[in-house]
Amino acid sequence: MASVASEPIDTTTEVPGKRTPLVTGAHDYGTITDAVCRLAECKAPLSWYVALAASAALMGMLFGLVGYLIITGVGVWGNRSPVFWGWPIVNFVFWVGIGHAGTLISAILFLFRQDWRTGINRAAEAMTIFAVVCAGLFPGIHIGRVWLAYWLFPIPNQMSMWPNFRSPLLWDVFAVSTYATVSLLFWYMGMIPDLATLRDRAKNKIAQFGYGLFSLGWNGSSRHWHRYERAYLLLAALATPLVLSVHTIVSFDFAVSQLPGWHTTIFPPYFVAGAVFSGFAMVLTLMIPVRSICGIKDLLTDRHLENMTKVIIATGTMVGYAYAMEFFIAWYGGNRYETFAFINRAFGPYAWAYWIMVSCNVISPQLFWIKKIRTTPWMIFVVCIFVNIGMWFERFVITVTSLSRDFLPSSWGYFKPTIVDVLMLIGSFGLFMTLFLLFCKFLPMVAMAEVKSVYHEPHGHGDYQPEIKD
Amino acid sequence: MSMNKEIMATTIEHPAENKVEPELLGLLAEFNDPESLMEASRKVRDAGYNRWDTHTPFPVHGIDEAMGIKYTILPWIVAACGLTGGTIAISMQYWMNAVDYPFLISGKPLFSIPACIPIMFELSVLLAAFGAFFGMLGLNQLPKLYNPIFKSDAFRRATNDRFFLSMDASDPKFSEIDTGEFVKSLNPNHVEEFWSDVESPKLPRNLKLGLSLFGVLMLMPIALVAYKRSTVTDNPRIHIIPDMDFQPYLKAQNTTTIFGDGREMRPHIPGTIPRGQYKDDNIPFYYGLKVLPEDQDVITIAAQDEAKADEKKPAEAKPAEGANADAQAAAEDKLASLPWVTEFPMPVTDKMMARGKERYRIYCSVCHGLGGEGDGLVTLRAMDLQQGTWVRPASYHTDNVRKQPVGRLFHTITNGVRKMPAYGPQIPPEDRWAIVLYLKALQKSHQVDADTLTNDEKRKLRDTK
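Top to bottom, those sequences are chains Z and B.
So the first sequence is numbered by the UniProt record's numbering: it starts at 1 and just counts up by one.
So the second sequence is numbered by the UniProt record's numbering: it starts at 1 and just counts up by one.
The hints are simulated quantities; they were obtained by calculation from the structure and are not laboratory data.
A hint or two may mislead.
Unchecked claim - Within a straight-line C-alpha distance of at most 30 Å, the following computed DSSO-like cross-link-like pairs (lysine-lysine) qualify:
id: 1; chain 1: B; residue 1: K440; chain 2: Z; residue 2: K203
id: 2; chain 1: Z; residue 1: K203; chain 2: B; residue 2: K208
id: 3; chain 1: Z; residue 1: K43; chain 2: B; residue 2: K151
Since the structure is predicted, the reported quantities are computational estimates derived from the model, not experimental observations.
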């Protein structure tokens, strides 16, 4: 039997002008399938159950608090005059941002033919979906009377009333729901062939039925693959401007207002760069433990991690540039309110939050210039945790510092979160992790078909020639 | 004869036995790697077969050409869907915000393209994505959960690590023997045939029953909604969530079972004073009377007087007799004997005078006139209309009014007199005293001995004429 098995190769060293394989270790098509399906087919390790129990408990707490909020009212949050956009919006923007890396890895890197994406794109897309679920929750409940949320949608109601399409908040509804839908389609469509693989290998009836139903009768026909690849390419082409538009529109919520510190044209690109930055940090935070636990280090190699750290350096530097540019424009623009807003951010009552943000977002990613840090998984993990913290604080600083110091000093106030605010943020991580753990267990975590196709290609016409065995 | 019977007997005994012969649907050949499959595909294409396919665990690039697959029309479907999405978005925004429910915000135009762009973009992308996904499924004729090819055990590896070629028996060029030989010549791992089912696959009975029951149940809410929408009812709407349009608070003048007396409006509790209503510590200020709190009867007479007077003389029975009003008032004056205060119960200031002038112009001048002569705009209009029920307000410059002590004037403003309503509930006591002060000034302005004026003042008066 001919196979393309090869010697283990250190893929972390990239020789310019030479292609290195994307999969390390002695693998052929069958062993790739085995490696990916193992988790879905075998009993999960104890650590999975422990993690699921912990996340499910946090998720339960979140839903309990949502119930408490609906019964009692939004007064249980710390949102009070003048900071009416407190933690719920901070959390919303944070979670929407997390999602962006998934789409970026899947769509933009796909369009650029970056084949290394195949190892990580499935998990990253799943992360996108779950992050958008967490994001959607917060604006959903922060409207106060949740049962009237349908007023946001242009559907006929008994008041003969339509929503105002000139409000960025309504654009948000369309942007986030479109993003969630398209990401879901993209994710699911990518999974259909892999679900068929799981269906064909499934031993028990429930698995056969479940995977059979969701793989839609996929039989690997080349005529199907032809249309499938075209559809995938088109979806990627559609998702690329979409991912840029979502955070741009989220930034309009702020930028279209007249509040000093919000009313700036840098917001759309700055928010998008920040979103990609935080999204990649979250992908790394998830992938580093997952690849050791699930034993897929061969498919998700150190080189993948290193590539992502390079994206983090780039986007982190863009974010740092945006911070500097905001200050420069506040001074150069000569607007006194703007100048005050930025001096107040750095040296006012929220200076602590501002400097946490700056040190986490501007300084910590620069550590990735050092090759040692860039290639050591635990160090990457630590830096990425800092980036996640920093990006949450960025949204906090933008939202709260501007609102707490608006035009009228008489209405200035200091925002204090309540315990419900804090626990809901923690609970949203529980929701996210629960979904992600279920995904790891029951769905193909690596896009097998895609890995196989690029696994084959470099050997076919790349510089690297594997030994062909019989 | 006996043979016939036997045959008949078997037919009768097994009527349900399906006589359908399994039919050959095609051939399946397995290959180890994409290169050999590609090679085989070229040969099959060149041999002129039309209905055949290859099955691979991942998209093998170059096989489209090897098989002669035509380029898909999917991009056109996606483009059409995207354009539809954009069109829907812009017409929806125009119709909803500019036509059906015009939103006027800060005088901006009801419809302008820039504000529509975000939603146009989002809906274009959304519908285009639907087009890509569902278009792909539709063109591939998926979902198709049942496929006879799945019965082959070897074919399970088509989604894992093996590469298959399937020849469809419905191809006009297909013949079992020739095609079989041809496929073997392609050098596959092995070749197998796949057959149609002897019995057509049937859903389990329970599943069928369950599905129909589910279907019927699913129709019920729709049927209920349709029924409710087409019928009329007197019952109030069902509020699943009690919203703010119907709040269960108690209203004045209604009955209730909550309180023993059956009234929803609660009377004052005896021995208590509502917040801000305590007056007994300053009788002159609140009542205009020179008495102590102990003289409750005096206060009561003062307070009750007006109500009684009104009962005696209903408005209809009282014709407009501007000229006689003073005389009548004087004849019926029972309040004259009460101990009214003659001095203001607080220090008199310029500020108070200014306030009094302002309040007088707001509350009093409409009837009494700016000069207090009973010729306010309302009065003039009412006299003009000749309604016959209007009592011309008293002029302040009659002796009767001029002689009244300030306490009495205060009392009149507070409780009203004749047709004049009580202004106590509308004007705070400080302002009523200020009005009295201004009223006194008005009176004085009409009754001044010319000798008491200085030359300067005289000149001023002459100038204003």
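> Taking only the CA atoms, is the gap from K43/Z to K151/B under or equal to 30 Å?
Replying inline: Holds, at about 28 Å.
>> Tell me if the straight-line CA distance from K203/Z to K208/B falls inside 30 Å.
In response: 25 Å, holds
>> Hint check: K440/B vs K203/Z, CA-CA at most 30 Å. Holds or violated?
In response: Answer violated: K440/B to K203/Z is near 106 Å, above 30 Å.
When each numbered hint is compared with the structure, a violation occurs for hint 1 only.
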